[in-house]
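Number of protein chains: 2
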Amino acid sequence: MSISIPKGTRDFSPDEMAKRNYIFDTVKKVFKLYGYQPIETPAMENLSTLTGKYGEEGDKLLFKVLNSGNFLQNVPVELLSGDKVLPLTNKISEKGLRYDLTVPFARYVVQHRNDIILPFKRYQIQPVWRADRPQKGRYREFFQCDVDVIGSESLLNEAELLQIIDLVFSKLGVEVTIKLNNRKILGGIAEIMGQSDRLTDITVAIDKIEKVGLDVVKEELISKNINDEQIKILEPILSLSGSNEDKLNRMEEILSESKTGLRGIAEIRTILNYVESLNISSTVELDLSLARGLNYYTGAIIEVKAQNIDMGSICGGGRYDNLTGIFGLKNLSGVGISFGADRIYDVLSAKDLFPQSSLEATRVLFVNMGAKEEIYCLQALRAIREEGISAEIYPEQTKLKKQLEYADKKNVPFVVIAGEEEMAVEKFLLKNMNNKSQKALPLRQLLDELKQY
Amino acid sequence: MSISIPKGTRDFSPDEMAKRNYIFDTVKKVFKLYGYQPIETPAMENLSTLTGKYGEEGDKLLFKVLNSGNFLQNVPVELLSGDKVLPLTNKISEKGLRYDLTVPFARYVVQHRNDIILPFKRYQIQPVWRADRPQKGRYREFFQCDVDVIGSESLLNEAELLQIIDLVFSKLGVEVTIKLNNRKILGGIAEIMGQSDRLTDITVAIDKIEKVGLDVVKEELISKNINDEQIKILEPILSLSGSNEDKLNRMEEILSESKTGLRGIAEIRTILNYVESLNISSTVELDLSLARGLNYYTGAIIEVKAQNIDMGSICGGGRYDNLTGIFGLKNLSGVGISFGADRIYDVLSAKDLFPQSSLEATRVLFVNMGAKEEIYCLQALRAIREEGISAEIYPEQTKLKKQLEYADKKNVPFVVIAGEEEMAVEKFLLKNMNNKSQKALPLRQLLDELKQY
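As you go down the protein sequences, you meet chains P and Z in turn. With the first letter of the first sequence counted as 1, position 176 gets the number 176 in my numbering; the numbers rise by one all the way through. With the first letter of the second sequence counted as 1, position 101 gets the number 101 in my numbering; the numbers rise by one all the way through.
Quick caveat, the hints were computed from the structure, so don't treat them as lab data. Here the structure is a predicted model, which is why all the values come from computation and not from measurement. Hints are supplied without guarantee of correctness; some may be wrong.
[To be verified] With beta-carbon atoms standing in for the labels, derived distance ranges:
hint : chain 1 : residue 1 : chain 2 : residue 2 : range
1    : Z       : 70        : P       : 285       : 40 to 50 Å
2    : P       : 222       : Z       : 69        : 54 to 64 Å
3    : Z       : 132       : P       : 426       : 32 to 42 Å
4    : Z       : 60        : P       : 219       : 55 to 65 Å
5    : Z       : 424       : P       : 57        : 56 to 66 Å
6    : P       : 425       : Z       : 351       : 21 to 31 Å
7    : Z       : 443       : P       : 453       : 46 to 56 Å
8    : Z       : 212       : P       : 425       : 35 to 45 Å
9    : Z       : 386       : P       : 276       : 39 to 49 Å
10   : P       : 451       : Z       : 135       : 26 to 36 Å
11   : P       : 425       : Z       : 270       : 20 to 30 Å
12   : Z       : 423       : P       : 451       : 43 to 53 Å
[As the list claims (entries may be wrong)] Straight-line C-alpha distance at most 25 Å; calculated PhoX-like pairs for lysine-lysine:
hint : chain 1 : residue 1 : chain 2 : residue 2
13   : P       : 29        : Z       : 53
14   : Z       : 409       : P       : 28
15   : P       : 208       : P       : 218
16   : Z       : 259       : P       : 451
17   : P       : 53        : P       : 19
18   : P       : 19        : P       : 7
19   : Z       : 53        : Z       : 29
20   : P       : 32        : Z       : 330
21   : P       : 409       : Z       : 409
Glycine included, C-beta positions come from ideal geometry on N, C-alpha and C.
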């Protein structure tokens, strides 16, 4: 029998779980410090909630759940001809697996609008599913970790999210660069190019600049019927250099004719002022090529990269003014970011940044020497666990070698051996598995040693 | 537009999440104290892994995921006639949502058998999905919370699980009765009735005794062709009374001819001896009618009920000798229990046992009085958060009344107001939202007050 799991999905072993929980626990702790609260939504949503929200390509990537019972009951015969896949799908499947956390969040806000306290500061850490072709680093089931505040237009929220990013990565020991842009600046650029209605084409193209370089971006723009003259306006903007202040001053001149553009610049200035007074230690860098391809950002655009490692963005987001509009609730502005758990995991692995303590499952294993010794050890185990120290006794009375191997494989740092000799003097032989030192101690001192570790 | 989620599924609000996390964090902490480690498995499993494992009824309750792309491509035309639902399903769907955590755990153990350290102590807290008819307390998506040790036959494991039950519910403040039985005793009873091959019918019937009473159980047994004489053997067993020791002594006589039955009694005695020496404070009660309907238990059967509340079992489990046999790995004995998160939630709600601190999202809200005050407050917020205290500032400069309402609705116990007056003397006005008292404090004392709470 071949035993496997669906392609693109993963089992998480105890070791992987410990590392993942270290990341999730760190972000959750920071979110809570800032007053964000968790919500969770069901894995399955109605397909009417999901379809049409991710573009045509996205719709194809939705995992659809077959209706229960006799799902063919009310299907018209003509749909069963074998080439009516899409209409048939709609008849036999009403539910799909969540594709991201954004649309369910929007649905949640609208559905519970009478119970929600605005501004609503929520975080959500749950798996999402996409029927994408699996490849290195791309899975069909993966976790998203979103934090948003909805119902407030204040730029203090943006600043707070930058603080959160700064604190999370400083706790994780990862030096990061936070890139900042503003959709209104991009809008201003399109405006002075005389191409306001082509904003999407322009931002999609310039979003690629880091990956493919200026020349390819130019080609793409030309293929979209943006002419040379217009590209000439764009070019100096894309190759701006200097400090954030230098760039903003230059842009202020370039965009002097665009109200929208100037508003974008003012917003960035406000956020950067907060950054300064908040002692954010990460580098915050204005990057006008940052567009994140997403159509729904309306203000700040944020992206985070780990320094000194070749890896895509590990966190990103921005402000959106119409998230809940798709479900009929207008004029609710929000801003949020999403932490990429899998990439953060890869960065911490590559840089060996998981602390030893986060990987420890059991601090001390008691060797099982027999029935009498067991009772003696169980009393000690009770006292140790009451101190909050994780401890176990090997459940079988078997060879010492096998029991020590178990401790070794499970990375248990201490082993206690207590046989007749130790019992006679009411002591426990404590063995340090790292340096192989050992000493016989009474219970009180055993506790102290284990606590100190 | 009607906004909803699939029937039988739930959104969890911040308040509900706080309560659920209080339960999950408590059990996780206890599991870890005993050296159990978490694993996670994918939401989708291959249908070949799931089908046939839960009986015919269970197969019908599996949520099946439609194959991606043109799922009709290789479907023979004759399956599309409209009445070939089952064979068609098998052609168009290869994956299903996990129905419980037991089968995925068995699959995990077999698939990763070369990496697992035996005995393998794992816990797993994940949602499962069943296409059951939704009703009060029964959902189509719900969380299971399983803890098992596999690869050890020692009864110390059973005792440890009883310790875990005892500690979890004592931490949660719930007084419980732990009911204990042993499948071998049930086997012995069937044996002396001369009905060893009818063990399932007998246990299914007696499992219902608490719900339906002795007479209905008798009727059911008669309908299964168990005769009066055989029922006479069973009757005194079902109405045994007295202490655990009394019951065991009486059963020892009744089962004196059954080796299996006597082994069951010996096992229970061993476990009860551990219970005594471990100072387990919950009532542990031998209950011979306990069978838990499940066919795969081979030794201990465990069930937990909250005292003084009318509610089904809130935790249960037992020993199984052949969990991984379904996937071709024989002779791996395990024992485990599962905590019923939803019912525990209901017990804690009914008894008002959620501690206030577990529901607190933010300890202090700073009122937003304007741009200058904001900067003054942000410095204080930084210091407060560095102490690990969750704090926020209202992001908008709006009416005081609205800001205080926000604090009130979010159950924030403290509010800080700092205007020009306070700034002039470098103080903060701390308002206790419960007793409405307030005092002006310098930052250092403000921190102390907030920490003390």
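Against the structure, the hints come out as follows:
Distance hint check for residue 70(Z) and residue 285(P): the Cβ-Cβ separation is about 46 Å, which falls inside the suggested range of 40 to 50 Å. Between residue 222(P) and residue 69(Z) the CB atoms are about 34 Å apart, so this pair departs from the stated range of 54 to 64 Å. Between residue 132(Z) and residue 426(P), the C-beta spacing of about 56 Å breaks the proposed range 32 to 42 Å. The beta-carbon spacing between residue 60(Z) and residue 219(P), approximately 56 Å, falls within the hinted interval of 55 to 65 Å.
Remark: the range hint 56 to 66 Å for residue 424(Z) to residue 57(P) is upheld by a beta-carbon distance near 59 Å. In this structure the hint that residue 425(P) and residue 351(Z) lie 21 to 31 Å apart at CB is violated, the actual value being about 47 Å. A C-beta distance of roughly 35 Å is found between residue 443(Z) and residue 453(P), which places it outside the suggested range of 46 to 56 Å. Range check, residue 212(Z) to residue 425(P): Cβ separation about 59 Å, and the 35 to 45 Å hint is violated.
Look at residue 386(Z) against residue 276(P): about 19 Å separates their beta carbons, and that is not inside 39 to 49 Å. Checked against the hint of 26 to 36 Å, the C-beta distance between residue 451(P) and residue 135(Z) comes to roughly 49 Å, which is inconsistent with it. Against the hinted window of 20 to 30 Å, the Cβ-Cβ separation of residue 425(P) and residue 270(Z) comes to about 29 Å, which satisfies the hint. Between residue 423(Z) and residue 451(P) the C-beta distance comes to about 44 Å, which sits within the given range of 43 to 53 Å.
A hinted pair counts as satisfied when its Cα atoms are at most 25 Å apart, and residue 29(P) with residue 53(Z) does not qualify at roughly 40 Å. Simply put, residue 409(Z) and residue 28(P) have alpha-carbon atoms about 22 Å apart, close enough for the 25 Å limit, and the pair holds. A C-alpha spacing of about 11 Å is found between residue 208(P) and residue 218(P), which places the hinted pair at or below 25 Å, so the restraint holds. Restraint check for residue 259(Z) and residue 451(P): not satisfied, since their Cα atoms lie roughly 48 Å apart, outside the 25 Å limit.
Of the supplied pair hints, the one linking residue 53(P) and residue 19(P) is violated, its CA atoms being roughly 33 Å apart against a limit of 25 Å. A threshold of 25 Å between alpha carbons decides the hint, and for residue 19(P) with residue 7(P) the separation of about 23 Å falls inside it, so the pair holds. The hinted pair formed by residue 53(Z) and residue 29(Z) fails the criterion: a straight-line CA distance of about 31 Å is larger than 25 Å. Between residue 32(P) and residue 330(Z) the CA atoms are separated by roughly 46 Å; this puts the pair beyond 25 Å, and the hint is violated.
For the proposed pair residue 409(P) and residue 409(Z), the alpha carbon gap of about 50 Å is over 25 Å, so the pair is violated.
Hint compliance for this structure: hints 2, 3, 6, 7, 8, 9, 10, 13, 16, 17, 19, 20 and 21 are broken, all remaining hints hold.
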